[in-house]
Structures are given as C-alpha cells and as structure tokens.
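Let the sequences and hints guide you as you build the complete structure.
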Amino acid sequence: MSEINRAVKGTNDILPSDSHNWQFVEGKMLEIAKLYGFNEIRVPVFEHTEVFLRSVGDTTDVVQKEMYTFDDKGGRSITLRPELTAGVIRSAIENGLVNAALPVKVCYIGGCYRYEKPQAGRLREFHQFGVECIGSAEPSADAEVIALAGQVLADIGVKKISLEINSIGCPECRKAYHAALKEYFASNKDKLCGTCLDRLERNPMRILDCKSPVCSGIAAGAPVVLDYLCDDCKAHFESVKEYLKAMGISYTVNPHIVRGLDYYTRTVFEFVSGDIGAQSTVCGGGRYDGLIAQMGGPQVPSLGFGMGIERLMLVLKSQNAELPKAQKPDLYIAPLDRSARLKAAELCAKLRAEGYKTETDLCARGLKAQMKFADKIGAKFSLVLGEDEITLKKAKIKNMLDGEITEINLDKIEEDFGEIIREQIFKNIAEVI
RNA sequence: GUGGAUGUAGCUUAGUUGGUUAAAGCGCCGGUUUGUGGCACCGGAGACCGUGGGUUCAAGUCCCAUCUUCCACCCCA
Numbered sequence: 001m002s003e004i005n006r007a008v009k010g011t012n013d014i015l016p017s018d019s020h021n022w023q024f025v026e027g028k029m030l031e032i033a034k035l036y037g038f039n040e041i042r043v044p045v046f047e048h049t050e051v052f053l054r055s056v057g058d059t060t061d062v063v064q065k066e067m068y069t070f071d072d073k074g075g076r077s078i079t080l081r082p083e084l085t086a087g088v089i090r091s092a093i094e095n096g097l098v099n100a101a102l103p104v105k106v107c108y109i110g111g112c113y114r115y116e117k118p119q120a121g122r123l124r125e126f127h128q129f130g131v132e133c134i135g136s137a138e139p140s141a142d143a144e145v146i147a148l149a150g151q152v153l154a155d156i157g158v159k160k161i162s163l164e165i166n167s168i169g170c171p172e173c174r175k176a177y178h179a180a181l182k183e184y185f186a187s188n189k190d191k192l193c194g195t196c197l198d199r200l201e202r203n204p205m206r207i208l209d210c211k212s213p214v215c216s217g218i219a220a221g222a223p224v225v226l227d228y229l230c231d232d233c234k235a236h237f238e239s240v241k242e243y244l245k246a247m248g249i250s251y252t253v254n255p256h257i258v259r260g261l262d263y264y265t266r267t268v269f270e271f272v273s274g275d276i277g278a279q280s281t282v283c284g285g286g287r288y289d290g291l292i293a294q295m296g297g298p299q300v301p302s303l304g305f306g307m308g309i310e311r312l313m314l315v316l317k318s319q320n321a322e323l324p325k326a327q328k329p330d331l332y333i334a335p336l337d338r339s340a341r342l343k344a345a346e347l348c349a350k351l352r353a354e355g356y357k358t359e360t361d362l363c364a365r366g367l368k369a370q371m372k373f374a375d376k377i378g379a380k381f382s383l384v385l386g387e388d389e390i391t392l393k394k395a396k397i398k399n400m401l402d403g404e405i406t407e408i409n410l411d412k413i414e415e416d417f418g419e420i421i422r423e424q425i426f427k428n429i430a431e432v433i
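So the first sequence is numbered by the working numbering: it starts at 1 and just counts up by one.
Bear in mind the hints are in silico, worked out from the structure with no lab data behind them.
Among these hints, one or two may not hold up.
Beta-carbon label-pair distances, calculated as ranges [as the list claims (entries may be wrong)]: (1) LYS368 <-> SER162: 50 to 60 Å; (2) GLU431 <-> LYS159: 46 to 56 Å; (3) GLN424 <-> GLN64: 53 to 63 Å; (4) SER19 <-> ALA154: 19 to 29 Å.
Result set (DSS-like, lysine-lysine): computed pairs, CA atoms no more than 30 Å apart in a straight line [unchecked claim]: (5) LYS160 <-> LYS28; (6) LYS380 <-> LYS393; (7) LYS73 <-> LYS159; (8) LYS372 <-> LYS325; (9) LYS350 <-> LYS317; (10) LYS380 <-> LYS368; (11) LYS350 <-> LYS372; (12) LYS368 <-> LYS317; (13) LYS175 <-> LYS28.
Just so it is clear, the structure is predicted and the values come from calculations on it, not from any experiment.
Glycine is no exception: its CB is placed at the ideal position from the N, C-alpha and C atoms.
And the structure:
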C-alpha cells in the first residue's frame, strides 16, 4: 500500500459503524460534566511550544521526546498539544477566567498528539475527555472531581475499574521525601536496573513504579511519601478521603502512584482497568496548585483529570458493555422508475421535515435489489412506489419485521406514517410489559 | 528509543519439499419469466500475495532490508 492509501502510523479512523459509540460516550461525558457544573471549553490543537515546556515540564519524557514540534512560516515554534491542561490554563489566564467568580469549572474533549511507539491503547493521535476545577484549594474540590470521573465511567457502562489515590505533597514536604528516598535507594545502588540508576539522580520517585521485579522488590521497602507529608498536606489528604467516603466512593491508597507530569502537587489519582493490557490507566489526574502561577498567572490552586477515550473504548469492548445501538431508518421508499424516483424524493423531503428517518434509492436499482438493501440497512418499514400508487395516491407500507401491511394516503403521508410509527411504539411497550 | 511476533481479495483464512491463468467462506454486485427483503440455487466483480532488493531457469513460498500492526519495556490517557 502506498502512502496515499494508508493512515499515518499510530493514527486511527473512527468508522461509521463505530462512530455512534463515540457519540454516545462523548455525549455522556458532556452531560455528566454539566451535571456537576463543568462547561465545555474549546482550545486550539496547537500552542506555542513554550506553553508545554512551562507546564508539563521540560525534564519530562513527554516534552523531551514525544512532542510534535515545528516552526511555522512566521518562524514561531509550534507544538501539537500532547495533553489539554496546559492549553486550557493558558486560555484561562489569557481570558481572565482566573479573575472571575471562583471556582471556574470547565471540561473538554479533543485530540492529543504524542510521538510514541504505538501499541494497543497508545496511539500518536488519541482523544481525551477531561475537566479542570480552577480556584479551589479545598479537599471538597478534589473529591468532586474524582466523583465526576467515577460517575462518567459508571454511567457509560464500565463495570470493573479501580480508583487509586495518593498524595505527593507540596514542594516543601517533597524535598524531605526525596532526600529520604535517595538515601534508601543509594544503599541498594548495586541491585537497581539501569534506568532506575538514572532515575535516582533525576527523579527518585519514579523508581517506585518500576516494573522490574528486583526494583519493585526494593521499592516495597522504601520510605512512603505519606509519612513525609507536612501537617497541611497530611490534613488535606485525610480530608479528601473523608469526602470520598461520605460520597460512597471506594478507593485504595497506593503510595506508589507517581504522575509523570511535573505540575502535580498533593492529591494524585488514577482509574485503572485490569482488562486492557499494559496501558491500563484509563483516567489520571490530580491537583496542580502551583501551575497557574508558574505560567504567569496569579497564585490560584486548581486540579483536574484527563481520560483516554480510546482506552475507555477498549475497556467497554473487553467487558462486553451494552452500548446503545445505531439508529435505523424508519422508512425505505422503493421507487420503480424514473418518475417514481422523483416522487420518492418529494415524499422523503416531507417525512424528513417531520423528523422521520427516511431513505430512498440513489443507485437506480431494481425492486428486488432495493428490498435487499432496505433489509440490510435495517429499515423498519418499506414502501413500494410505482405508477399505480402515484395515480391512485395510495401506497402500502410494509413492516419489515412481521410483514404486516398498512395502506396509507400519499397526500398525507406524514400523518399516516406517523400513526403507524406510534402504533409500533405502543406495541413495543405492550411487549415489554 | 529497546526487545519479540505479524502481514495472502473489504473481513477470516488455505496455499503441500519454490514449478503452468493464487483458492475458499463471509461480505459486495447481478440473476432464478419482467411490482416486494430475510432462505436456497446460479453467475459476476474484487489480490501487482505489505513494499523494495537479492538467490534461482522458476518465489506467495528461500535470504536481506524497509514499512505496518500487535505484545512487553520506557512513558502515559
């Protein structure tokens, strides 16, 4: 296959046979966000590169090796967003949202871009739903954001997923913790793997989630962040847990979850699924009290999360979750000749204006082929349109499920067909009861 | 970026120790006396065998490279 027939590595098409699932999922996300008071914000797909260097952090892998960065024709360094928080915060500062009535609660859905080696649940273009709650330092905000994520997952139909939370403290208490960690791991220096030796200098907290059995064995005995939190951070974390309990949200504290973006402080959390392989984090987020100030705004505490929609889809698929079926046409009109096709177009227009999903022949096919087609697209009813029907202004509507035939008046097709549809609905309700 | 697997019609696959026009099922299109689908039967379209080199009289089958997808690592949603 040549390049013009092939999608770029790590990108995916969402086909018509699947897009209604995406529409359902995204619809639910926006709906529940709204329920919690988070309204949608839309920001550009690309930003000045500096936006991500400042926020995500220039020592992170995301910035160092995964960004799609290029110079535009005006000589600006531009980067396709690797995540959405940075752009949203930039916009909040630029548009004065941080000076509005706080907290400002926003949500978003959009594509993100990271140059990584693709595998299941990890694409170069992927989609995230997320929220940001700007302007509250209170534990109640942490709990509300976590609750929102949990409800989205549950309402979409995820059956099994676990919430893990942790606190990584403020910059002050992290200093003490880093020192303790370095001391601990330095005494086991000879046993650590190569990458962990490197981490020991740059970011010792990352050793905690190394998958190598040797390192994780050593990490099991390492000092725990929670023991090094300052009084304020400790109280904050305790309070978050109290709120979660009050809201009936179950969680486990996992002192080993460490988020890879530099801006996180205090609460961090993940929703993890055991059903989709190694890329198991479906949703990740936390508090970032220093980020807005760091990006040139006022000192305003905030938090949020990002949810990977592709990963969520994988979870739903592997759990055989029941998603709503695609909408089928109400009526297929099968014209027999040229003039009937013209009449069919007229009838379609009338019915569609009334909101009935109506289709007709666009391929000039014979009757039999049209009936097959009507069956394949799942039309609920069909109508054959020939000379007789047009001159008599009467036609037969056939129920494609049971073959039942009802005669209607073509001049008032909207009314007559509406009646048939209503009867059908009553019949369905009666069956359910 | 590292390591391992994969690649034949839209989909799922067959293709024997390299040998004449690369098979099948599903799907798609059409037909079975010309105005009614789902079943059955018949027919048709559709594949430069991922791509590029090489070995050979001869390669889908062997060798090399490259790309894609998948799995694990790194990292993250």
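Earlier hints that do not hold, by number: 2, 7, 9, 12 and 13
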